[in-house]
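When you get a sec, could you build the whole thing from the sequences and use the hints?
Going line by line, the protein sequences match chains A and B.
For the first sequence, this note's numbering assigns the number 21 to the initial residue and increments by one for each residue that follows.
For the second sequence, this note's numbering assigns the number 11 to the initial residue and increments by one for each residue that follows.
Be aware that one or more of the hints could be misleading.
[Stated by the list, open to error] Keeping only pairs whose Cα atoms sit at most 25 angstroms apart, straight-line, the calculated DSS-like set for lysine-lysine is:
id, chain 1, residue 1, chain 2, residue 2
1, B, K122, A, K165
2, B, K92, B, K63
3, A, K341, B, K245
4, A, K165, B, K245
5, B, K292, A, K109
6, B, K62, A, K109
7, B, K54, B, K175
8, A, K249, B, K282
9, B, K47, A, K249
10, A, K241, B, K92
11, A, K400, B, K62
12, B, K245, A, K241
13, B, K63, B, K87
14, A, K401, B, K47
15, A, K400, B, K40
16, B, K40, B, K54
17, A, K341, B, K175
18, A, K241, B, K282
19, A, K109, B, K175
20, A, K401, B, K282
21, A, K109, B, K40
22, A, K401, B, K62
23, B, K175, B, K122
It should be emphasised that the hints constitute simulated quantities derived from the structure, not laboratory data.
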Amino acid sequence: MKALDKGYWKSRWKSFLIFLAVVGPGIITSNVDNDAGGIATYSMAGAHFGYGLLWSLIPIMVALVIIQEMSARMGVVTGKGLSDLIREKFGVRITVYLLTALIITNLGNVIAEFAGIASSLEIFRVSKSVSVPICAFVVWLLVVKGTYRSVEKVFLVACLFYVSYLISGFLADPDWSLVLRGFSRPAMKFTPGSLAMLIGLVGTTIAPWMQFYLQAAVVEKNINVRDYKHSRMDVILGSIVVTVVAAFIILTCAATLFKAGIRVETAKDAALALKPLAGKYCSALFAFGLLNASLFAASILPLSTAFVVCEGMGWETGVNKKFSEAPQFYGFYTLLIFFGAIVILLPGIPLFPIMYISQVINGIVLPLILVFMIILINDKKLMGNHVNRRAYNIISWTTVAILVGIAIAFLLSLLRI
Amino acid sequence: MQEHSLKMFVFFSELLGRSVVDSNGKVLGKLTDMKVKLGELFPKVVSLSIRKKWRRGLLELDWSEIEGLTGHLIRLKPDAEKKIKPFAGNENEILLREELFDKQVVDTFGAKIERVNDIHLLVVDRELRIVHVDIGMRGIFRRLGWVKVIDSLTDFFFSYQIPEKMISWKYVQPLASDPQKKDLKLNVTLRKLHELHPSDLADILEELDQASRSRVFKSLDLSTAAETLQEVEPKYQLSLILSTSEELVSDILEEMEPDEATDLLAGLPQEKKTKLIQTMEKPSREKLEELLRFEEGTAGSIMTKDYIFIQGDKTIGDASELFKRTTHPLDTISYIYVTDEENHLIGVLTLRHLVLCDKDTPLSKLMNTNLIKVKTEDDVKEVKEIFKKYKFMAIPVVDEENRLSGIVTLRDAVESTSKDF
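Take a look at the structure:
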């Protein structure tokens, strides 16, 4: 009785946390998915191509749902991570080469997150030589000190920032008939620029590392096969959220930046898309959103990568272990952050293009990971009755074929110049 | 032939994929796997599995048909090719490629989960036996074909060679199992796990995937299972209980202290809880049901029924006799509680009284009547305060009418409060 009001707030806080705990791996994954690279790529897609590429979001969403569902299903049924399964089925040799490709790709993404941190804080006139080292250290500390879990919720709530694109999009009063046409009429110029943008859009929405992360998150939740339908709903919902956010960023940028003929080279340019909503504060609002997205992903990506690598190689993992118990885990984690930050500190490095290029690399590596996923999920020994249905296989193999096709077309178009 | 007379080590990765040739040198197929019979300290390979080109399905050939492992070939005895049969799995046998190579195993010496990078075999007396599993970096480099390059690099820069890291088969517990054998008795094959301490077992269970976790858990004997179950994190407790049959879970619950069993049951869905209790044997069930009546977070919910009580008109001698016969855990018998005919708590004795006082002294003359006690519905926090203040080993719990219902030990109090925060 004595501590009534303290107890009251405690129980209030507790129920709030429980509510957030119900937010599943699918939703979290989708919010981390809209990271610095995502915001940059969507902004550029809208600013440089107008409504022209909106249609691509529909097939991308279908593929995203199918692929994420496979990751979640594998996690629930096998109770093992993706790199674990790849190692057990394909042996150490393939695992090492595949993980090397993944590490390089993910390092690109980590660099992009630090580029996001640097460019967002530059709007607040904080030099990158100050912001990047401090944020790198904070991110590193969050995990090593095990406080990440409690901060995660703050990041998640701050993701409401994307709502500002929704509002700004409406306030910009776009020509809705053009928007509709952008969605319904697939049009594509086969220039290196638009092919790269298409690959970037795929790569940022369906990032290879997300599949590893989602499966690990599902495994950690220890979801029973019987409860799988909830997990599927969570994943589908998450995928739809990603796509809606992506569509609104592109649409808003198209209605503002593309219309005004602004090319996105820096965060300041991209921030102008929020002008209809925030007026002269648009830069600050954008910087806040970009910073949150970058920090969120920057604290998950190196951790997830280190985890995936160590799991596949059979090294000790876990943030509750001492450094001497899990040297490879902490080593990888620290090196990824270190290199990610150091690249951004190079003088004169173009921040926005880096965020974008990392997503194009994502898109090129994605089909490789997908091939392994599809083979694994059709393994009866692993999945039992939960192997892919025929229709699923057709869609997923088609996705792989299309992705490889676009990647080849892109490389060819580069050579022609 | 001559290589069989001497001892020779060979890695499984070096054998995999070798061509199998008959006595005339004709290639029959490639080695894809080896079957090993478990049970011996260093189990021996009993058969090879071979894949022929352009043919589906695995073929099996007995180890006794092997002539030798010369060069990069596996040479068979004359007429061995006629003894090739379709592959068949057996109880107590494991396939090295399928169930051990690249899979997770438990190192029962280090109490850790490790991944097998290679398998170290020994050719001795015409037999091939597993001696070690390789868990080190060197094994990974060997399989990648990088050993020479890496060795010359590390030697050049640091005058150092990456050492082999192996575990003796004595301490290796394989975990992966062929799903086709799922229903066979697994207790035999998982037997090495029993050497582990329950808290180590709990750590290992938490790291395993769901299927292996419940398989390993079911293979434990009741008392180990009970102790292990208490050690694992709550979310895994739930999944273990849900994936194990109700009969087995209720047997495990009977094995536990009643207050610990109630702690465990508290986290379960109501329906499951009732079912489990109904499945339990009567004496344990009654104790449990009584404890479950109390609301969570009260002294009643964490108290234990294991205590010694005796009526006030008895003597020290009687109490000693009672003490000798008890099987309760040590921390519950630091005090002996004295009651009247209607079970009202009237006093307490310590062990020291039993040892030092004259056998014929009536208890009512010696007992301490200035009692510190709590009521069943008192908050656990208050109980904790009392422990802090008085530093007792245990506190008696009474109902509204001062009738003795149970005791809370220091351990119970610490465990219950640590869970709340």
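For each hint, the structure was consulted:
no.: 1; hint: K122/B <-> K165/A; result: 23 angstroms, holds
no.: 2; hint: K92/B <-> K63/B; result: 17 angstroms, holds
no.: 3; hint: K341/A <-> K245/B; result: 20 angstroms, holds
no.: 4; hint: K165/A <-> K245/B; result: 23 angstroms, holds
no.: 5; hint: K292/B <-> K109/A; result: 49 angstroms, violated
no.: 6; hint: K62/B <-> K109/A; result: 20 angstroms, holds
no.: 7; hint: K54/B <-> K175/B; result: 22 angstroms, holds
no.: 8; hint: K249/A <-> K282/B; result: 22 angstroms, holds
no.: 9; hint: K47/B <-> K249/A; result: 41 angstroms, violated
no.: 10; hint: K241/A <-> K92/B; result: 52 angstroms, violated
no.: 11; hint: K400/A <-> K62/B; result: 22 angstroms, holds
no.: 12; hint: K245/B <-> K241/A; result: 9 angstroms, holds
no.: 13; hint: K63/B <-> K87/B; result: 21 angstroms, holds
no.: 14; hint: K401/A <-> K47/B; result: 22 angstroms, holds
no.: 15; hint: K400/A <-> K40/B; result: 24 angstroms, holds
no.: 16; hint: K40/B <-> K54/B; result: 20 angstroms, holds
no.: 17; hint: K341/A <-> K175/B; result: 21 angstroms, holds
no.: 18; hint: K241/A <-> K282/B; result: 21 angstroms, holds
no.: 19; hint: K109/A <-> K175/B; result: 23 angstroms, holds
no.: 20; hint: K401/A <-> K282/B; result: 31 angstroms, violated
no.: 21; hint: K109/A <-> K40/B; result: 19 angstroms, holds
no.: 22; hint: K401/A <-> K62/B; result: 22 angstroms, holds
no.: 23; hint: K175/B <-> K122/B; result: 14 angstroms, holds
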